[in-house]
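Asker: For chain A, the structure is supplied; the task is to place chains B and C on it using the hints.
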Amino acid sequence: MNNGRRHTKKAFPWRRSLWIASLLAPALVVMVLLVLWPLLSAFRLAFYEFNGLQPTGFIGFENFRKVLFEQPYSGWTYNALKHNIIAFVALMVFENGTAFLLAYALLKALPGHRIHQVIVFLPVVLSAVIVGFLWKLFLHPLFGLVNQTLALVGIGAIPWLGNEHTALGSVLFANVWHWLGFPTLVLLAGMQRVSKEVIEAARLDGAGDYVLMTKIIWPLIAPSVTIVTILTFIGSFNWFEIPYVMAGLTGSPGGATDVLGLYFYRTAFGSTTTGIQDFGQGSALAVMMFIIVAGVTAIALRYLRRREIEL
Amino acid sequence: MSATAHRGQSGELLRNGAIQLMLGLNAIIMIYPLFVMVMSSFKTNAEIFSSPFALPAHFSLANAERVWSETNFVRYLANSVGITVAAVALILLFSTMAAYAIARYQFRLSALVLMFFLSGMTVPLKLAIIPLFIQLDSLGLVDSYAGLVLVYVAMGIPSAVFIMTGFLRTLPRELEESARMDGASEFRIMRSIMLPLARPAFVIVAIQNAVPIWNDFFFPLVLITSDNLKTLPQGLTVFVGEFTTDWGVLFTGLTLAALPITLLYTVLSKQFISGITQGAIK
Amino acid sequence: MSRRRIGLALAAASFAWGLAASAAHATDISFWTWRQEDKAAYNELFADFTKENPDIHVKFESFPDENYPTIVSTALAAGKGGDVIHTHAYGWLEQFVKAGYFEPQDLTTVPSLANQPADALVAGTYRADKKVYSLPFASQTLGLFINKDVFAQAGLTPPTTWDEFITVSKALKEKGFYPLANGMGTSWFNEMFVAIFTNPFLGQDFVGDLTSGKTTFKDPRYVAALGKLLELRDYMPPGFEGIDYETAGQLFITGKAAMLAGGSFDIATYRTQNPAINMDFIAPPTAKAGDTPQVTKFFDGGYAVNAKSANKEAALKLVNWMGTKEFGDKFSALLGNISPIKGVVIKDELLAHVAKLNETAMPHINVVYFRFEKPTGSELLQGDITKMMSGSITPDQLAADLTDGLAKWYKPFQGK
Chain A
1 MNNGRRHTKK
11 AFPWRRSLWI
21 ASLLAPALVV
31 MVLLVLWPLL
41 SAFRLAFYEF
51 NGLQPTGFIG
61 FENFRKVLFE
71 QPYSGWTYNA
81 LKHNIIAFVA
91 LMVFENGTAF
101 LLAYALLKAL
111 PGHRIHQVIV
121 FLPVVLSAVI
131 VGFLWKLFLH
141 PLFGLVNQTL
151 ALVGIGAIPW
161 LGNEHTALGS
171 VLFANVWHWL
181 GFPTLVLLAG
191 MQRVSKEVIE
201 AARLDGAGDY
211 VLMTKIIWPL
221 IAPSVTIVTI
231 LTFIGSFNWF
241 EIPYVMAGLT
251 GSPGGATDVL
261 GLYFYRTAFG
271 STTTGIQDFG
281 QGSALAVMMF
291 IIVAGVTAIA
301 LRYLRRREIE
311 L
Chain B
1 MSATAHRGQS
11 GELLRNGAIQ
21 LMLGLNAIIM
31 IYPLFVMVMS
41 SFKTNAEIFS
51 SPFALPAHFS
61 LANAERVWSE
71 TNFVRYLANS
81 VGITVAAVAL
91 ILLFSTMAAY
101 AIARYQFRLS
111 ALVLMFFLSG
121 MTVPLKLAII
131 PLFIQLDSLG
141 LVDSYAGLVL
151 VYVAMGIPSA
161 VFIMTGFLRT
171 LPRELEESAR
181 MDGASEFRIM
191 RSIMLPLARP
201 AFVIVAIQNA
211 VPIWNDFFFP
221 LVLITSDNLK
231 TLPQGLTVFV
241 GEFTTDWGVL
251 FTGLTLAALP
261 ITLLYTVLSK
271 QFISGITQGA
281 IK
Chain C
1 MSRRRIGLAL
11 AAASFAWGLA
21 ASAAHATDIS
31 FWTWRQEDKA
41 AYNELFADFT
51 KENPDIHVKF
61 ESFPDENYPT
71 IVSTALAAGK
81 GGDVIHTHAY
91 GWLEQFVKAG
101 YFEPQDLTTV
111 PSLANQPADA
121 LVAGTYRADK
131 KVYSLPFASQ
141 TLGLFINKDV
151 FAQAGLTPPT
161 TWDEFITVSK
171 ALKEKGFYPL
181 ANGMGTSWFN
191 EMFVAIFTNP
201 FLGQDFVGDL
211 TSGKTTFKDP
221 RYVAALGKLL
231 ELRDYMPPGF
241 EGIDYETAGQ
251 LFITGKAAML
261 AGGSFDIATY
271 RTQNPAINMD
281 FIAPPTAKAG
291 DTPQVTKFFD
301 GGYAVNAKSA
311 NKEAALKLVN
321 WMGTKEFGDK
331 FSALLGNISP
341 IKGVVIKDEL
351 LAHVAKLNET
361 AMPHINVVYF
371 RFEKPTGSEL
381 LQGDITKMMS
391 GSITPDQLAA
401 DLTDGLAKWY
411 KPFQGK
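Keeping their order, the protein sequence lines are chains A, B and C.
Counting in the UniProt record's numbering, the first sequence runs from 1 upward without gaps.
Counting in the UniProt record's numbering, the second sequence runs from 1 upward without gaps.
Counting in the UniProt record's numbering, the third sequence runs from 1 upward without gaps.
These are calculated hints, taken from the structure and not from any lab test.
Don't take every hint at face value.
What the hints assert, rightly or not - Below, a list of computed lysine-lysine pairs in the DSS-like style, where the Cα atoms sit at most 27 Å apart:
#	chain 1	residue 1	chain 2	residue 2
1	A	Lys66	C	Lys416
2	C	Lys387	A	Lys66
3	A	Lys108	B	Lys270
4	C	Lys408	A	Lys82
5	A	Lys82	C	Lys387
6	C	Lys356	C	Lys288
7	C	Lys173	C	Lys288
8	C	Lys98	C	Lys130
What the hints assert, rightly or not - Restraint-style ranges between C-beta atoms, simulated for each label pair:
#	chain 1	residue 1	chain 2	residue 2	range
9	A	Leu18	B	Glu177	16 to 26 Å
10	A	Gln148	B	Ala62	24 to 34 Å
11	B	Asn228	A	Thr214	54 to 64 Å
12	A	Leu18	B	Leu112	14 to 24 Å
13	B	Val81	A	Leu18	29 to 39 Å
Claimed, not checked - With the C-beta cut set under 7 Å, the calculated list includes, among others, these residues of chain C facing chain B:
#	residue
14	Asn67
15	Ile71
16	Ala77
17	Ala78
Keep in mind it's a predicted model, so treat the numbers as computed, not measured.
Here a beta-carbon is modelled for each residue, glycine too, at the ideal position from N, C-alpha and C.
Next up, chain A with everything else stripped away, as it sits in the complex (with noise of 0.2 Å):
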């Protein structure tokens, strides 16, 4: 924190304190009507014994033992949570990895890199639903263009979202296909902040693309790597619709591509084809769903700010 810069005290200090106070109340006042309030209740019921859809009685950490210790709950618990933190590293490395160099490669203004900055980001303006279903039917595995491009060289029909080797990453793959143009764009955003001069100057000292890439811009882009980083993070563990659309609710095939987001909405709502709800359950998972994403995030955002350098 860089403390010395900060606007110190002056005279006044209550019309100072009001003016922060008024700036900060109507966000403050909208969040603890619908988004505090409203989940402290449903965490609440975390606590409790459900027969049927009204809680029957206080039951303490009961809930919270059966999802992370009693066989089948704790068993789609940690598959669950095993494919939150897949999709993270993969969307880590795969999606914001491509963002990288997508973002280097326009960051040279070459011919056309307007055009298709524009294009980049065109599938983001888009809902899952028609993300998740242009996708099935691309992936299907006897009309499916991926297939039948596949067949051209002799290699038979994969039934890319039927099998539980392949469903996870090719329901990833559309989410990259879906979510690359914002941090494509963030990245750029963030590496267009980097002065020419230092490009240039590290240029003339003979850097090629790689260092320059590496020992530059990387470092200059921390705040930007930052968003980018703990949006993923929290996207990944809250990951819902995309999985839902291609895999549905119970994340087909047998649990291959079921996450925390799932899991919890699943056994909360129930679905009308496996039967019942459970709000205390559901609740316990979406509790510790909070834990995970509040906990991790706010270690991470300490870690990453202090590698920020101020521009």
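Answerer: Only chains B and C this time, still in chain A's reference frame:
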């Protein structure tokens, strides 16, 4: 001397060629599925299943006509536009104010307030749909525009505050201080000096929020029941549901739901991109 | 002439006044359902109801199936929601009843309950107080669709026993057809797929033993029946693990596949999509020649009255009307569903044939008996069946997972 320069140039050319090739390939991967979606909306069900990636046999507008005549399309569209614009405007206003306070002033609870906002981002509000519904009901906001807009604002504020705070922190302190020396009020400093510099962040926040709000159908499904208040994705989801097995109608519905925001984005893309990347001036 | 005109004007005026009066007294009630595709049929039925009860107008409001439980439980928790609510049966209904969200129905409030057969009423009855909370609306039958044209082209006759099924399938495959259209890409249907092909091997005795606590799913009969499913893999389309139920339907109606394990609820859909289709609906293959053919039957759900409805009387009136033969006849004709109401005449030949098959049907075991508590038999089976079909677990493991999971709440399985 001139030979090495020449070699360097041709190497550069080669590298740029490779980059162009990669970008071109990426552009195809990004665009082609959209092309398929639009083409599918002209097709019959049988065509989609027998030749999903061929051009349609006829450019039949039958599917589009059905969506047009059997739903309250214009009304849904107007509702979606109104709700999205109102929600994004309020998100920008409220979260910029809050982020400005956190980023530009030093006060005791600053870190705590930021953490409070961030924690709102870490858990899906879907979880709390029942208490949220009851809360809105007690405020008389169920089945109203205002209720839906406020829910979206509440959902958008955390990440908006996060992005805005990060951005506002990086603005140089000198401008602010010199204005203060000249006796400008805090409000004037914020509005006339600092915020104009934050345009890239506004653009990112606006688009990052507008897209999910526009596309959302979960909250309208739960919160809105009157037909004349329904949003476009909600109205079309229900309409398409009446033809569960008709993929042609489905794709038409999806395409039409995506069309307004896609067009808007394409038209405004120049401003959008330059808005984001204008940080280059420095 | 002018007098006539005055008369007409007077008549028109009084008619208009009458309308206005009835509109002033009219009660508007809403009907909530997940059956979006049935909108037109229900609106026609409700128009009939309003003709008989001019003071009640019914509004059809439908929601996507996947979000229906969330929407309904949220609205009911806040004391809102439709006046009449379409419910699923068995365990799904019970959780709402336990929370006090639905109004009990009896012969005084809903006299047409008398028209319902006993096994249908079970689907809408809360086990603890034995009261009916949801008036059953349809029975669904699971069996085997046959594309008669494909069989004619191949010069084959539809199979009745398992051995015939295998022989016929081999021949169909050689002739370039997919014998069985199904895949494993739709979780909810996978459970039905299992029921369709295992039930003829299990028989009513097994159901009796299971429900009386004599045996569990670890029973060799169940494991052997699951084993039979593995033989089907050779006759399903390539990449069947990723083929969903919609695709299977398309393969069937376009004549690329000869047979489809499916539900009577789709007869109408397939006819709309291919009006020229020449199809039959038969019982799945029996274990051996001479066995009784056995389709699988279950009750889908029913019509419940919201306990917090402001128009309970009108809502009960509507539900009562939906239990009459008049409703049932038209319902079956419009939607191609089999109404359980006694005396309903099914005009459609194929549907009447299905109703006949129902007489010797097996229950959909998981849905009827094992969806009352968590974990449900459905979530356990749906989670494991794709793994079994892809070969990563054995039928024994699936049977053990199912039994051990259910033992959490199903007392007869505990310690077995």
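Asker: For every hint, state whether the structure bears it out.
Answerer: Checked hints:
1. A/Lys66 / C/Lys416: Roughly 21 Å separates the two Cα atoms, so the pair holds.
2. C/Lys387 / A/Lys66: Since the Cα atoms of C/Lys387 and A/Lys66 sit roughly 24 Å apart, the hinted pair holds (cutoff 27 Å).
3. A/Lys108 / B/Lys270: 18 Å, holds
4. C/Lys408 / A/Lys82: Satisfied, since the Cα-Cα distance of roughly 25 Å is no more than 27 Å.
5. A/Lys82 / C/Lys387: Judged against 27 Å, a Cα distance of about 18 Å means the pair holds.
6. C/Lys356 / C/Lys288: Answer holds: C/Lys356 to C/Lys288 is near 21 Å, not above 27 Å.
7. C/Lys173 / C/Lys288: It holds: about 23 Å lies between the C-alpha atoms, which stays within 27 Å.
8. C/Lys98 / C/Lys130: Roughly 12 Å separates the two Cα atoms, so the pair holds.
9. A/Leu18 / B/Glu177: 16 to 26 Å: 22 Å, holds
10. A/Gln148 / B/Ala62: 24 to 34 Å: Given a distance of about 27 Å, which is inside 24 to 34 Å, the answer is holds.
11. B/Asn228 / A/Thr214: 54 to 64 Å: The hint (54 to 64 Å, Cβ to Cβ) holds, given that B/Asn228 and A/Thr214 are roughly 57 Å apart.
12. A/Leu18 / B/Leu112: 14 to 24 Å: 19 Å, holds
13. B/Val81 / A/Leu18: 29 to 39 Å: Taking Cβ atoms as reference, B/Val81 and A/Leu18 lie about 37 Å apart, which means the hint holds.
14. Asn67: 6 Å, holds
15. Ile71: 5 Å, holds
16. Ala77: 5 Å, holds
17. Ala78: 5 Å, holds
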